[in-house]
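Following the hints, position chain B against chain A.
Protein chains: 2
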Amino acid sequence: MRLSKIFTKTSKESTADASSVNANLLVRGAFISKTMSGVYSFLPLGMKVLSKLENILREEMDKIGSEVFLPALSPKKNWEQTGRLNSVSVLFEARGANQSSRKTNDTSYVLNSTHEEVVTPLVQQFVQSYRDLPTACYQIQTKFRNEARPKSGILRGREFRMKDLYSFHDSKECMMDFFLNKAIPTYQSYFNRIGLGNKTVVALASGGDFSTEPSREFQTLIENGEDLLFYDDSSETWYNREIAPCLAKVWDNSTEQEQKRVDVLGEGIVGVEELARFLKIEVERTTKTLLYSVDNERLVAVAVRGEYEVNEEKLKNVLNCKTLSLASAEEVEKVTSAKVGYAGPINLPENVQIIWDESCKNRKNFECGANKTNEHSINVNFGRDLPKPEEFYDVKTAREGDLNPKTSVTYKTAKGSEAGNVFTLFTKFSEAFDFKYIDQNGKAKPVYMGCYGIGTSRIMGILAEIFHDEKGLKWPANIAPAKFYIVPIGKPSEQSLEEAEKIYASLSEKNIDAIIDDREDASIGFKLKDSELIGCPYRIVVSKKTLKENSVEFTERATGETKLVKLKDLDQILYS
Amino acid sequence: MRLSKIFTKTSKESTADASSVNANLLVRGAFISKTMSGVYSFLPLGMKVLSKLENILREEMDKIGSEVFLPALSPKKNWEQTGRLNSVSVLFEARGANQSSRKTNDTSYVLNSTHEEVVTPLVQQFVQSYRDLPTACYQIQTKFRNEARPKSGILRGREFRMKDLYSFHDSKECMMDFFLNKAIPTYQSYFNRIGLGNKTVVALASGGDFSTEPSREFQTLIENGEDLLFYDDSSETWYNREIAPCLAKVWDNSTEQEQKRVDVLGEGIVGVEELARFLKIEVERTTKTLLYSVDNERLVAVAVRGEYEVNEEKLKNVLNCKTLSLASAEEVEKVTSAKVGYAGPINLPENVQIIWDESCKNRKNFECGANKTNEHSINVNFGRDLPKPEEFYDVKTAREGDLNPKTSVTYKTAKGSEAGNVFTLFTKFSEAFDFKYIDQNGKAKPVYMGCYGIGTSRIMGILAEIFHDEKGLKWPANIAPAKFYIVPIGKPSEQSLEEAEKIYASLSEKNIDAIIDDREDASIGFKLKDSELIGCPYRIVVSKKTLKENSVEFTERATGETKLVKLKDLDQILYS
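Taken in order, these protein sequences are the chains called A and B. First residue of the first sequence: -8, per the working numbering; consecutive thereafter. First residue of the second sequence: -8, per the working numbering; consecutive thereafter.
Treat the hints as calculated values from the structure; they're not laboratory data. Fair warning: this is a prediction, and the values are worked out from it, not measured in the lab. A few of these clues could be false.
It does not matter which identical chain is meant; a pair holds if it fits inside one copy or across any two.
With a Cα cut of at most 30 Å, we get these calculated DSBU-like pairs of lysine-lysine [said to hold, decoys possible]:
{"no.": "1", "residue 1": "-4", "residue 2": "163"}
{"no.": "2", "residue 1": "142", "residue 2": "190"}
{"no.": "3", "residue 1": "520", "residue 2": "554"}
{"no.": "4", "residue 1": "501", "residue 2": "43"}
{"no.": "5", "residue 1": "518", "residue 2": "436"}
{"no.": "6", "residue 1": "325", "residue 2": "313"}
{"no.": "7", "residue 1": "43", "residue 2": "190"}
{"no.": "8", "residue 1": "94", "residue 2": "67"}
{"no.": "9", "residue 1": "190", "residue 2": "173"}
{"no.": "10", "residue 1": "54", "residue 2": "501"}
{"no.": "11", "residue 1": "173", "residue 2": "493"}
{"no.": "12", "residue 1": "190", "residue 2": "474"}
{"no.": "13", "residue 1": "325", "residue 2": "94"}
{"no.": "14", "residue 1": "0", "residue 2": "427"}
The shape of chain A in the complex, shown without the other chains (with noise of 0.2 Å):
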């Protein structure tokens, strides 16, 4: 790649997310360019990362699926077959952009999000026999969600690129043996080969839409990582925050006497940091009730100590119950008599029940909600304001300083960015669209699939949020927009610039992708720096100075090394 060609310029300063260190350098390196917020373009640097992201990918997903390419559009009914056209929230859907093009064809359709929509009825066209299953194909494509507050540059988009591979399979067990054994290797084997391997963990998460069952994240640590990890040494799992069990950082106040109960007028409190400081008390004696509707059946009150947030999650599990909904106003008011905002346990309804995060376990003279409108019940107390509740469970999110509840140690946390996800999607899918398989038996069942995701320009942010240091990138060498950066130092017709050109061809005439800065209006300070900012893994200067020697200057980006190289050892070092 000659710099004299391409269009792009680097830039010392980067408007975009200037809070994102990926987008910061990747914008500034001219790798990307935000076309609009959550939506980038990929410049000739970064198509080339990009690329060689996509690429080493496709090898890695050839071993286990066939490579297809499903449309970005597809029919709405699909997605009302699967229930989730109005319950995905970041779903986009296409139709005319104007009068004359919705004259032409007024129909409306989806933009995928994902594509089980679109890949199980296709699949579902060929495979009728067991002898058809198990089988995998996978996609490398552009992805658009609707996301709310697109972030952390090429992290989180609204347009993004990704991987998505889906598996078939005759039973739970050759599902899990898929999911186990064959996608998750695969993943690791991926991370390994571009430079995460050992920066990457798997965690336990979430199957959120997909499947009750936990799903696995590859999740690579980072300082900036969206995510919080908790760790439990004890079966050396990871656990994404969102799942992880967890018992409270002790706060025990059970020998302190018990205070006569006061209710306490307070309007418009906002927060139990703001309502400890009014009431004068600990946020640990605070208790947040959140009412839900139970498989709109019955409503049930959750009660944790302030300063955490209700899971629902492990709320469902602890209920067993399909659906769950924070109550409607109206019904938090019914039941309450109250306001919302002002729920608590105390004296709610018989048929409410309460489930008691264990959180809320060694207290006295907490604090609650008094089930009055603007009022709170101070120095409440089990067994005397409310019995004493027969069980505790873990309804929270976990925060940091929590403990492991197998080894009751605090847990060590660390902050992650999610790299890849596998879903086990059982039979939701297969189940929606009625494809089903003829057993050996003749007997047709459900197909059970999987589904299994990385996005290839998230990669690409996670990689520079980690290769970098304060002059710029560091790629590994296969990741590198090129292994090799060229700076011939010297004016038109000079030796130098002949000797940096011969270089060049020697290496493109390998196919060793090389860079050369043969810009006539760029000073050298200039070259050097962009050649630490854009940061290919070697770079070679060739000037008058270095010929006189008959030599190269050569620096290794990653640890600033820099030596003379002769030139007729130069071979050796660029095809070894």
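Relative to chain A, chain B alone:
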């Protein structure tokens, strides 16, 4: 590729677009699958072909531009800036698909049908001076077009793959030089490489939206081509019908006696054929008179011989106007005093200029609208019923049988399918974005641009249209899903299977694409038929019978030639 591992199967019949050769063969061969009207999925075999087409194209494009990857979504304001948001009738928009998505973010975006609106402001960010020019970049990507009637399989879809190249220049000369001496030869080189070279011609076509200058289309000559091409052998130039200069097929009745003009009642007659039948006259005697609003300033009437259509592009050139649109029903009724459908050249107001097509020249006793509702004038004559026109023009769309105006000889015509196109954009887009560069004298000047497209999924369809016979596809070797198609015949553990696997392993090791039909449940006849339908260039059958001769059966798909090749000689054939 192991056929036992991919989920697809060939089929005897294709239900999708049975009328289209490419869709029929590609669906039956399991290269593609129709997801919905105008939208296809690429299956493992099809993905192989598409990837090869795109990788060869990438190699060619890298010679003249750098690869980028622009987003599919773009801000509407960019399209407002070029005035195309409401004028492009195939434009899609994307927005939240459901209430919760629109609550998340209610912006709607353009889903790009082409990328001038993205690439122009992007390149503008980096290009300031004449030193930064010329430059060019390209991408290979999915495009979206809300086609009225998707047809011809993957030749015209609502979602398709496309390579688009954009070039930027400091002058018209530089733009023309790139257009003629870089873009066109590179396209030719690509079409040569994929086997379309000797079947693809360069035709002059309408600049359409982009430019008043003719564009060039690469037209592959195929029987089912959508476009009609006219060949001027005097200048060895092909014209797309839409701009071919022409003289109407001779129809001369000038020796007739003039008859008495009559106005005849004829209500609700649709089309000139029906009119001619009704009036018992030749179609050539009928006249089509259309009224146009020119530059929103004045009305013009255009008269062509009945069997022709008015060509607005030609008319625009004759009138040398900026805008041209069919007159509204109100305008027509005001000027002709009749309902729409009965306009004629007699007795029009003086301020309505009449443009006569030369097809009307040598006629006597012709028909035209009577400017009275439901009435047609017959036996109309120049010089008696209306003045003899001072000039005749060519304002019609050419038809087969028309004459070349340069030679007055009947045009040779051919049907073509557009394989690529190249446009000079001049300063149309740079002016919309105020994209200027500073020239050597410090003066700001607008940038000249060109754009150049090749639809790669479309090319796959064109290849299927050309390279097939009644048995199936016959891919060129470098485009085929695999060069070799190995058919082992025998029961498990027989030597033939082992031998076939050896050949497959040896090819795979050398990175030569091969397919092995290792399906256990497919009959020999089925496998052999599939090999022909899928159409890899060479088939290798290994059976007990061939092994008795220490040979394999080697068949060339293109010629059908079959021979026994000794195992010891096979390597020489495979790797030569």
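Here's how the hints hold up against the structure:
no.: 1; hint: -4 with 163; result: between (54 Å within a copy, 20 Å between copies)
no.: 2; hint: 142 with 190; result: within (22 Å within a copy, 50 Å between copies)
no.: 3; hint: 520 with 554; result: within (18 Å within a copy, 64 Å between copies)
no.: 4; hint: 501 with 43; result: both (17 Å within a copy, 21 Å between copies)
no.: 5; hint: 518 with 436; result: between (64 Å within a copy, 28 Å between copies)
no.: 6; hint: 325 with 313; result: within (24 Å within a copy, 69 Å between copies)
no.: 7; hint: 43 with 190; result: within (20 Å within a copy, 35 Å between copies)
no.: 8; hint: 94 with 67; result: both (19 Å within a copy, 19 Å between copies)
no.: 9; hint: 190 with 173; result: within (21 Å within a copy, 46 Å between copies)
no.: 10; hint: 54 with 501; result: both (27 Å within a copy, 17 Å between copies)
no.: 11; hint: 173 with 493; result: between (45 Å within a copy, 25 Å between copies)
no.: 12; hint: 190 with 474; result: within (22 Å within a copy, 41 Å between copies)
no.: 13; hint: 325 with 94; result: between (50 Å within a copy, 28 Å between copies)
no.: 14; hint: 0 with 427; result: between (55 Å within a copy, 17 Å between copies)
Of the numbered hints listed earlier, not one is contradicted by the structure.
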